[in-house]
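Enquirer: Chain by chain, the residues:
Number of protein chains: 2
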Amino acid sequence: MAESWVIMVTAQTPTNIAVIKYWGKRDEKLILPVNDSISVTLDPVHLCTTTTVAVSPSFAQDRMWLNGKEISLSGGRYQNCLREIRARACDVEDKERGIKISKKDWEKLHVHIASYNNFPTAAGLASSAAGFACLVFALAKLMNAKEDNSELSAIARQGSGSACRSLFGGFVKWKMGKVEDGSDSLAVQVVDEKHWDDLVIIIAVVSSRQKETSSTTGMRETVETSLLLQHRAKEIVPKRIVQMEESIKNRNFASFAHLTCADSNQFHAVCMDTCPPIFYMNDTSHRIISCVEKWNRSVGTPQVAYTFDAGPNAVLIAHNRKAAAQLLQKLLFYFPPNSDTELNSYVLGDKSILKDAGIEDLKDVEALPPPPEIKDAPRYKGDVSYFICTRPGRGPVLLSDESQALLSPETGLPK
Amino acid sequence: MAESWVIMVTAQTPTNIAVIKYWGKRDEKLILPVNDSISVTLDPVHLCTTTTVAVSPSFAQDRMWLNGKEISLSGGRYQNCLREIRARACDVEDKERGIKISKKDWEKLHVHIASYNNFPTAAGLASSAAGFACLVFALAKLMNAKEDNSELSAIARQGSGSACRSLFGGFVKWKMGKVEDGSDSLAVQVVDEKHWDDLVIIIAVVSSRQKETSSTTGMRETVETSLLLQHRAKEIVPKRIVQMEESIKNRNFASFAHLTCADSNQFHAVCMDTCPPIFYMNDTSHRIISCVEKWNRSVGTPQVAYTFDAGPNAVLIAHNRKAAAQLLQKLLFYFPPNSDTELNSYVLGDKSILKDAGIEDLKDVEALPPPPEIKDAPRYKGDVSYFICTRPGRGPVLLSDESQALLSPETGLPK
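Protein sequence lines correspond, in order, to chains U and G. With my numbering, the residue at position 222 of the first sequence is 222, and numbering never jumps. With my numbering, the residue at position 366 of the second sequence is 1366, and numbering never jumps.
Everything labelled a hint here was simulated from the structure, so no lab data went into it. One or more hints might be untrue.
To be verified - Computed from the model, here is a short list of chain G residues facing chain U with C-beta under 7 Å:
1. 1246
2. 1250
3. 1273
4. 1277
5. 1368
Idealized CB from N, CA, C, for every residue including glycine.
Just chain U, with the same shape it has in the complex (with noise of 0.2 Å):
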């Protein structure tokens, strides 16, 4: 085996927002969770992470950069998913470059990652989901491992619960699962991206200046504290899960928007039942429900369905273009930018929904007439940091061009 060569992949994979929410573990290690939850994959060309991982005999140890930052893959999770990959790791070959890893070579052999979000990380944008699906999937292809996206997610799930369902695209179920060593506690596809291809999808990210509760000791907590949690998690979500899955599956804009603004607030509720309680959202997010369910009430007839993750930040789900278009002009009369923003650094993604909203700058933004639904109408400027247009997406993809690469193909550091 010579020692220079460098073999490398390079995957992208999305994140994904739960429609019906993932809150509490049944086993801490392995990941398990208290229910079944069902998430919305969004599109990868504007929420992302790209990873390439290498192989080489001349790597002395696992090493991996987030974001051009070399971080530590010492932490359980990291060891999860790189050990289980490892077990699944088969033979590999390069025959125009003459280069042969056999399994066995795998347990000795070291690897490079370098991982990439199109997205600002801290933003509570549900990174560490995309991050570790984007792991595992690279991982697998490096090491010609033959699971399929279910049995990856599987893995996936020990790095972070929610990556299990950044392995496909559309609409996801995790399923809890019941045997105890995780095995059946693994994602799989309700819908593909194209079945329900109207809805557009708008993620207001708030201002906040309060630290966080990480998710993960916020639903330790609330297991822990909750009197409320086990009753939603065995009674309330099961039936929740059936019919968000008919909805799914009917193309039913209006069940949908009831459940997905029902189970947000649930998971609001029992972090709030937690003791200490934990506080996720903030007023601007209360203004931005207030905002939606003013309007759906007005029209008669849902247009939009909100939900929150553990954060401030709104994900908007609007029925169709128009709706979208329409969200858009009244969360722009309520949040303006603050004056030294322009439009185009305030609303992200998909810009011709801003164009379908007729606002081309800023004079248009000032411009926007109040909700009629709501009198004394106020603005509430720099409560929103950006706004993000975007629509449910696919799964992990290969990137087969290698100019898309993180790491060099000669020295397997980041380029």
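Got chain U; can you put chain G on it based on the hints?
Expert: Just chain G now, kept in the frame of chain U:
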């Protein structure tokens, strides 16, 4: 019967704050709750309603003035109270003045009612509880009804649910009752106000731009839409009621504080689980909770309990004067008054707590050190409107001094 006489009674009734919350009616008309609740009565010296009721053959109709302004008595809640007390009226004789009213006369005689709150009515400080309790208590005395305060509480309950708990001092339990006519849904005293007289109560009246959902509407929507409420009412609250009574009887502050905070948070959790969700607490409320939780945790044993009703105001119950003085220092650090506000109008009620805290003027507030349990503690100037320092207090009393009457003894009209 001469046409010119007026007979009057003036009573003073406290407000109360629930430590195990009432939220949800099983009967809207009779105001029967879905669970028992327990409250602490607040000292009427700082927060009370004074009500004068008068009867005269010269009155052409029932009339009422609230804080000097005439209001309509046509609402069902007032009519309930008037009808129920009239049905229990007995003979009244004023031998000195030669006036005799027979049981039957009350059917034809009209009353004038004047009511005054010694605190801002709109501030979300349970003014309706004190108001209906005072109305029923004063009318019962005027009409010589023989019912005891528990029996009267079942009438006040039909004006405003939580009013039934204002018929007693100290700690009070509202038993939800079983029978259909609601006659066993009434208040009983747990302990009187002398039983646990170390407690000090500080109320933070929080500034709010938000229009709040009325508690009547809010609890109806929670009953109709929350999937968590019934579990709370049937499985959780009954146990908490037993534990809370024990804690109060044994003056076990750690247990009392734990239950009080947990139940306040669970009440707000079921509000959030309502469709559309109800948010009564705002960012300032959350910050007050965080301030108390961090302090309690840093000491290792609870110093202060918090509870929030259907609004953003915090009611903070301190273990003793020392804890109250420390709490006030912390609160004034985080929430100093606006620069145009005088300390005297910012900390109301029992100002001796302010003295214990070593604070004499605004310079002392400015100079307060950041609480050591929080790093980089920011200050939120203007987010609290004012504080009221008070304590557990007595139940309703008659005021025999005619100078305190709100109606003129000659005309029966407001003075």
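Enquirer: Any hints this thing doesn't respect? Which numbers, in order?
Expert: Violated hints (numbers, rising): 1, 2 and 5; every other hint is consistent with the structure.
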